[in-house]
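As they're listed, the protein sequences go chains V and D. Position one of the first sequence corresponds to residue 4 (the numbering used here), numbered consecutively onward. Position one of the second sequence corresponds to residue 8 (the numbering used here), numbered consecutively onward.
Just so you know, these hints were derived from the structure itself, not from any lab. Watch out, some of these pointers could steer you wrong.
Claimed, not checked - Straight-line distance between alpha carbons at most 16 Å, and here's what the computed EDC-like set of lysine to aspartate or glutamate pairs gives: (1) D:K127 - D:E145; (2) V:K82 - D:E98; (3) V:K26 - V:E160; (4) D:K57 - V:E210; (5) V:K211 - V:D11; (6) D:K250 - D:E49; (7) V:K225 - V:E210; (8) D:K127 - D:E98; (9) V:K80 - D:E98; (10) V:K34 - V:E7; (11) V:K188 - V:D152; (12) D:K209 - D:E172; (13) D:K127 - D:D193; (14) V:K50 - V:D91; (15) D:K89 - V:D91; (16) V:K188 - V:D147; (17) D:K87 - V:D91; (18) V:K25 - V:E210; (19) V:K61 - V:D147; (20) V:K234 - D:E149; (21) V:K50 - V:D64; (22) V:K234 - D:D148; (23) V:K50 - D:E159; (24) D:K127 - D:D141; (25) V:K234 - D:E145; (26) V:K34 - V:E46; (27) V:K80 - V:E7.
Said to hold, decoys possible - Restraint-style ranges between C-beta atoms, simulated for each label pair: (28) D:Q100 - V:N28: 17 to 27 Å; (29) V:H206 - D:K219: 50 to 60 Å; (30) D:G197 - V:D132: 38 to 48 Å; (31) D:Q242 - V:Y81: 47 to 57 Å; (32) D:D148 - V:Q230: 14 to 24 Å.
Ideal placement from N, C-alpha and C gives every residue a C-beta, glycine not left out.
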Amino acid sequence: MGLELYLDLHSQPCRAVYIFAKKNNIVFEFKQVNLFTGQQYSEDFGKVNPLRLVPALKDGDFTMGESVAILKYLACKYKTPDPWYPADLQRRARVDEYLAWQHMTIRYQGCRGLLPVLTGQIVPKDRMDEAVQDLQTAIQIFEDTFLQDRPYTAGQEVSLADLFALVDLVQPVGTGLDPLEGRPKLMEWRERVTRAVGKGLFHEAHEKLMKEKELFKLIDPKSPRMQQLAKNLQKVYK
Amino acid sequence: MQRERVTAGGREPQEGGSGWAGSGSWGFQRAADSWVSLCAGEQHSEEFRKVNPLGKVPVIKDGEFTLCESLAILKYLACKYKTPDHWYPAELQRHARVDEYLAWQHTALRPLAGKIFMMKGLFPAMMGAPCPEDKMTEAQDELAQALKSFQEKFLQERPYIAGSEISLADLVAIVDLTQPLGVGYDPLEGLSALTAWRDRVKTAVDRDLFDKTHEGVLTAQVSSLDTLKSLSQSQPETLAALKTNFMKYSSKMAKSS
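Build out the structure end to end from the sequences listed, making use of the hints.
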């Protein structure tokens with residue numbers, strides 16, 4: 004049995020894993036886990052990742068979760084081109100530094116902002132405003148500290164750090180503000196990373212996200228599984 | 008090459024980390040240390056901001072190279088100093104197990120164990136009232152749930168997270184789980200498999216080193232209050248900045264479902 008990747012492309016970390024695998028011609032079987040119908044709570048998926056989170060990986064008998072760890076596993080196993088996760092000590096440290104920092108900043112604040120859509124429940128305006136402000140603070144730090152005047156986070160070439168940041172900072176279609184509005188340097192960075200990944204692959208990975216109407220139809224906030232998802236999300240993304 | 012290391016005592020609340028005498032830094036104690044007192048607000052000083060503009064700890068400076076984020080630092084040190092393989096195994100799947108735990112803990116044990124420390128230890132000093140009992144109970148329940156995941160998914164029946172030897176994953180886990188002890192709460196009480204793991208990890212790290220490293224956090228409840236009192240007289244602006252950050256963090260704690 005070959006490599007299996009358990010993904011829902013509505014999820015940012017899933018898109019990072021998908022793009023990385025496809026870009027590097029890693030052969031895998033795409034296993035759909037539909038978050039909005041609660042498929043992550045199924046018995047079958049529980050055997051792959053008992054934490055009920057995507058993305059998840061199954062490689063023979065070996066299973067794992069956590070997108071940052073999965074990407075590093077794939078980079079090492081399939082010996083992907085060096086810039087993705089450089090062998091040079093300090094450039095690798097820069098990638099690790101961003102990947103550690105983003106968990107509770109860009110990723111966290113971005114998800115807080117999506118709570119109303121994901122849970123179907125109204126979040127008070129002051130909390131939404133705070134989430135937007137906190138995300139902007141994190142984006143400013145990304146620009147000033149992690150990117151600075153470099154073309155990419157770790158230097159001259161795209162790395163896992165840029166890929167991770169890209170999927171979190173995509174331009175929304177339809178409702179919602181572009182998180183990079185008024186930030187020309189970051190918009191150029193985003194365009195540069197999208198080209199490095201490949202525009203075709205980028206659009207393929209983001210196709211589901213872009214079809215917002217389809218997303219809303221999928222969500223039944225009254226269903227027990229959606230209520231469970233809402234409760235879990237609200238505990239983490241307060 | 009001249010080298011200077013800065014290792015220091017923890018993280019600020021808004022990182023979602025463990026805070027004041029916190030857990031991110033205790034993993035390494037080599038070379039020259041420069042201590043940064045979080046309770047005294049030293050992370051906001053101009054001198055420290057030159058080292059780390061984010062005002063966070065831990066941070067290291069290796070010649071001209073500065074690096075923050077404890078996990079990145081630990082991996083950097085493991086690679087640069089070619090520490091024994093078990094800390095961060097070269098073998099692909101064991102390496103992945105360490106990475107997997109280190110990624111998960113950011114939104115699990117680290118903030119949840121840290122929350123207990125903040126609520127019981129600093130909330131009364133900063134907010135002038137004890138932390139509401141229902142919030143404390145909720146925090147303890149959330150941590151208990153995360154510990155269940157830790158045991159069932161990450162440790163299982165193994166002596167250590169990545170197998171038969173200690174790794175960075177165990178080290179990061181144990182410093183997080185020691186944090187609440189600073190305010191008299193043992194999250195592993197009654198959990199025999201996890202207390203056995205804790206004992207095993209302490210021995211593997213070296214008990215004297217472990218105890219020395221945790222001296223500060225285990226007396227944090229008292230020492231931080233003393234420091235805050237002293238700040239109110241000597242540096243009221245610094246205290247005001249610390250309070251603002253704390254209130255932002257605690258407002259998020261209060262807004263749980």
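Are any of the numbered hints broken by this structure? If so, which, sorted upward?
4, 7, 8, 14, 19
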